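> Please arrange chain G on chain U, whose structure you already have, making use of the hints.
2 protein chains.
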Amino acid sequence: MYYKTLSKEELNNELSKIKARYDAFKSRGITLDMSRGKPGPEQMDVSSKMFDAVSNDLGYKNETGIDCRNYGGLDGLPELKRLFSKIFGVDESLVIVGGNSSLNMMFDTIAQAMTHGFGAEPWIKQGNIKFLCPAPGYDRHFAICEHFGIELIAVENTPEGPNMDVVEELVKDSSVKGIWCVPKYSNPEGITYSDDTVRRIAALKPAAKDFRVFWDNAYAIHSLYDDDNELLNIYDECKKHGNDNLVIQFTSTSKITFPGAGVAAQTAGPEDVARIKNRMSFQTIGPDKLNQLRHARIFTSLEKVLEHMKKHADVLRPKFEIVLERFEKEFGGLNIAKWTKPKGGYFISLNLPEGCAKRTHALCKEAGLVLTGAGATFPYGKDPKDSNLRIAPSYPDNEEIYKAAELLAICVKIAVIEKVLAE
Amino acid sequence: MYYKTLSKEELNNELSKIKARYDAFKSRGITLDMSRGKPGPEQMDVSSKMFDAVSNDLGYKNETGIDCRNYGGLDGLPELKRLFSKIFGVDESLVIVGGNSSLNMMFDTIAQAMTHGFGAEPWIKQGNIKFLCPAPGYDRHFAICEHFGIELIAVENTPEGPNMDVVEELVKDSSVKGIWCVPKYSNPEGITYSDDTVRRIAALKPAAKDFRVFWDNAYAIHSLYDDDNELLNIYDECKKHGNDNLVIQFTSTSKITFPGAGVAAQTAGPEDVARIKNRMSFQTIGPDKLNQLRHARIFTSLEKVLEHMKKHADVLRPKFEIVLERFEKEFGGLNIAKWTKPKGGYFISLNLPEGCAKRTHALCKEAGLVLTGAGATFPYGKDPKDSNLRIAPSYPDNEEIYKAAELLAICVKIAVIEKVLAE
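Protein chains in written order, with my numbering: chain U, 247 to 669; chain G, 247 to 669.
In isolation and in its complexed conformation, chain U is listed as follows:
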């Protein structure tokens, strides 16, 4: 690392220069938020025709004549089941299309496992149970488990997905009931599971028969470039091993149409789908079919969705590239930071020297830039090395992104120099 080659005096000089830049930022009084994977206004404008898709002129009936204003249709409109079946790569009979939140579906599925089990005793009656959490990962996944008192076990994420040697070992423990996976353009690292990883997950023979893979394919078609990463079809692989009910998949249009008013979907093996629909039959009379109809009318084919996603990519790509260029420019040759260069998804993962993430986060905050909490991407919010930061460049506009990336780089440098000085 460059800073380690400097004398104390040189380091203090460097720190003064950097702090002057920092103070200049602070005095400008900026307010920037790069904490969540939240689409910006320009991205939401991509879906403006949603507002006209269902109207008094066009009517409120779907292709099979269902009056979408009324009750019913527990598992969603047939058009949307068909569309999601193509995204999931499964038969449409296995697809459930719901409300506006796939997180809600995940929560409900865990809640169901707690009180009713998945083909075995309810989890809540099985004593201390555990979930594998590839880390860094999505904080809200981990939080659901924490809410239900499920113990979190961190598993290292590699560039090909979770370290499968570790996973295969851990699932020999029958109290291990599940694993969280974001298999494509993962949150926060942007990696896509290799074919080998997918095959090894599909072939798992966990000690617990009620072990489930929670496969949150949130970024299934969220490429930033034309050469989309390819993810192997997990369900096809599972079937080869008689593991039809091993994986429960989730996705949504939150980052395709509107974050708050999209449509979420899930799929699983036949037995689990029956279990989930059974629970749903007590829980609701049906989802908001009018909003499903809006989606069905705009997205008459998967091709239409993919065309639509190119417009999102056109908005997002420059934001990612601004951050990556700034990082390259600020950090190039210093060897003080490593970052991912994702081809899709919503995040850039930034790894700093040990013990520098929290300090960087605090410095950013002080100057008006909100980042995802340092450690949030790890189980219990504890990054053992205090080195990872998740950057979400989607919401601010390009000018703000430029400033934010520069400020972030300045804060990193301050934190690292302070660290070296203290050693």
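A couple of the hints might just be wrong.
Which copy is meant is left open, because identical chains are indistinguishable; a pair holds if it fits in one copy or across any two.
[Unchecked claim] Under the rule of at most 27 Å between Cα atoms (straight-line distance), these lysine-lysine pairs were calculated in the DSSO-like manner:
| hint | residue 1 | residue 2 |
| --- | --- | --- |
| 1 | 295 | 307 |
| 2 | 250 | 550 |
| 3 | 371 | 523 |
| 4 | 523 | 376 |
| 5 | 556 | 307 |
| 6 | 523 | 284 |
| 7 | 628 | 523 |
| 8 | 371 | 589 |
| 9 | 284 | 307 |
| 10 | 265 | 486 |
| 11 | 371 | 455 |
| 12 | 332 | 550 |
| 13 | 250 | 604 |
If you are wondering where the hints come from, they were derived from the structure by calculation, not from laboratory data.
Note that this is a predicted model, so its numbers are computed, not measured.
Leaving out everything else, chain G in the frame of chain U:
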């Protein structure tokens, strides 16, 4: 009863005549559904301006500038919290506005009590627990409890609400954790709880500190006539007894705007609201605010909602009156049936001589008229007297209602004469 005054020969004659009418119906091959409280197309047309309330022209921001397309706003848009606070008669800080289904909110609240409890041990860890079910009542309420293995205890419904002498006695048992109430224009009897009943519920001192009243005010403003029934404010009454957290209230716009695409809301005491919001913070990032915005823009005041409800009443009232007139005409003087004459809500409750409900239901079904299953309005679907049928006249058009009521009356007569003949 008139039929008991007839000789066997006269009865057989009567039965032949009635059966001839029945066969004539059957030969016409009708298909009618009066099984669920489902608004008809004409009622949904009342809300047609919903489709234009949010558009590219009018924009997607609420009164405080929230972009309703994006994530966030866990407990709903402020405008809607304000509106529902007026319907509930509570402070808006205690209101949570959610998705399209109040049933979903009730299910989730019970699910939360099961796994996390309401200020005490999780219900699932307290052994066999029980719920009081005023009967006849709403089958989906009872079904939620059954799904979670909660024992159902039937409590007689009087014209003033549940028999409070019985309720006050039963809540001395600490395994009794709740009671289901539809306090206004109840399902299926259309009664509204008297002030005395509301006061006695609010004053309950159950042995279980985690006992809750599930107050499903589904028909809060669903009067058929100008002289709306008055329901005492349960929360105000509760506060007088330090019972702030005794009652959890629910309502929705399913029967105000669209059954499948309305907005649901709940309210409770401050501690329970905090508990519920805490669970929600793990479950979702927020509700569909665009659909909430549609509602907020149409219903800028409670007065606007009440005006709107008059249009529903204008569609529904004739349907109820057709049924009531047919019943009067067919049953008048025979003394074989009693029925409610509700001033609001969605149902007419028909009580027949003991042992005649299932047979009537089967005869109707054979001739193409689907009614709510006989017994469905009782815990475990078992009407101890087999005498109650729930009539839901909202969905079919007036001509169909006329036919359905006539057919139903014919089936009742057949069932009763058969019963008398068999005695």
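> Confirm or reject each hint.
To see whether the hints hold, each was checked on the structure:
Taking identical chains as interchangeable, the C-alpha atoms of residue 295 and residue 307 lie at most 27 Å apart whether they share a chain (18 Å) or sit on different chains (16 Å). Taking the closest pair of Cα atoms, residue 250 and residue 550 never come within 27 Å of each other, the shortest separation being 53 Å inside a single copy and 70 Å across copies. For a Cα distance limit of 27 Å, the shortest separation of residue 371 from residue 523 qualifies both inside one copy, at 22 Å, and across copies, at 25 Å. In this homomeric assembly, residue 523 and residue 376 come within 27 Å of each other (Cα to Cα) both inside a single copy, at 25 Å, and across copies, at 25 Å.
In this homomeric assembly, residue 556 and residue 307 come within 27 Å of each other (Cα to Cα) only across copies, at 26 Å, whereas the closest approach inside a single copy is 29 Å. Taking identical chains as interchangeable, the C-alpha atoms of residue 523 and residue 284 lie at most 27 Å apart only when they sit on different chains, with a minimum of 22 Å there against 30 Å within one chain. Taking CA atoms no more than 27 Å apart as the test, residue 628 paired with residue 523 passes between copies only; the shortest distance there is 25 Å, against 36 Å inside one copy. Proximity of residue 371 to residue 589 under the C-alpha cut-off of 27 Å is found in neither arrangement, the shortest distances being 43 Å within a copy and 48 Å between copies.
Proximity of residue 284 and residue 307 under a CA criterion of 27 Å is satisfied inter-copy only: 17 Å between copies versus 32 Å inside one chain copy. Taking CA atoms no more than 27 Å apart as the test, residue 265 paired with residue 486 passes in neither setting, with 58 Å inside one copy and 60 Å between copies. Taking identical chains as interchangeable, the C-alpha atoms of residue 371 and residue 455 lie at most 27 Å apart whether they share a chain (15 Å) or sit on different chains (24 Å). In this assembly of identical chains, residue 332 and residue 550 lie within 27 Å of each other by CA distance solely inside one copy; the values are 12 Å within and 44 Å between copies.
For a Cα distance limit of 27 Å, the shortest separation of residue 250 from residue 604 inside one copy, 21 Å, qualifies, whereas the shortest one across copies, 87 Å, does not.
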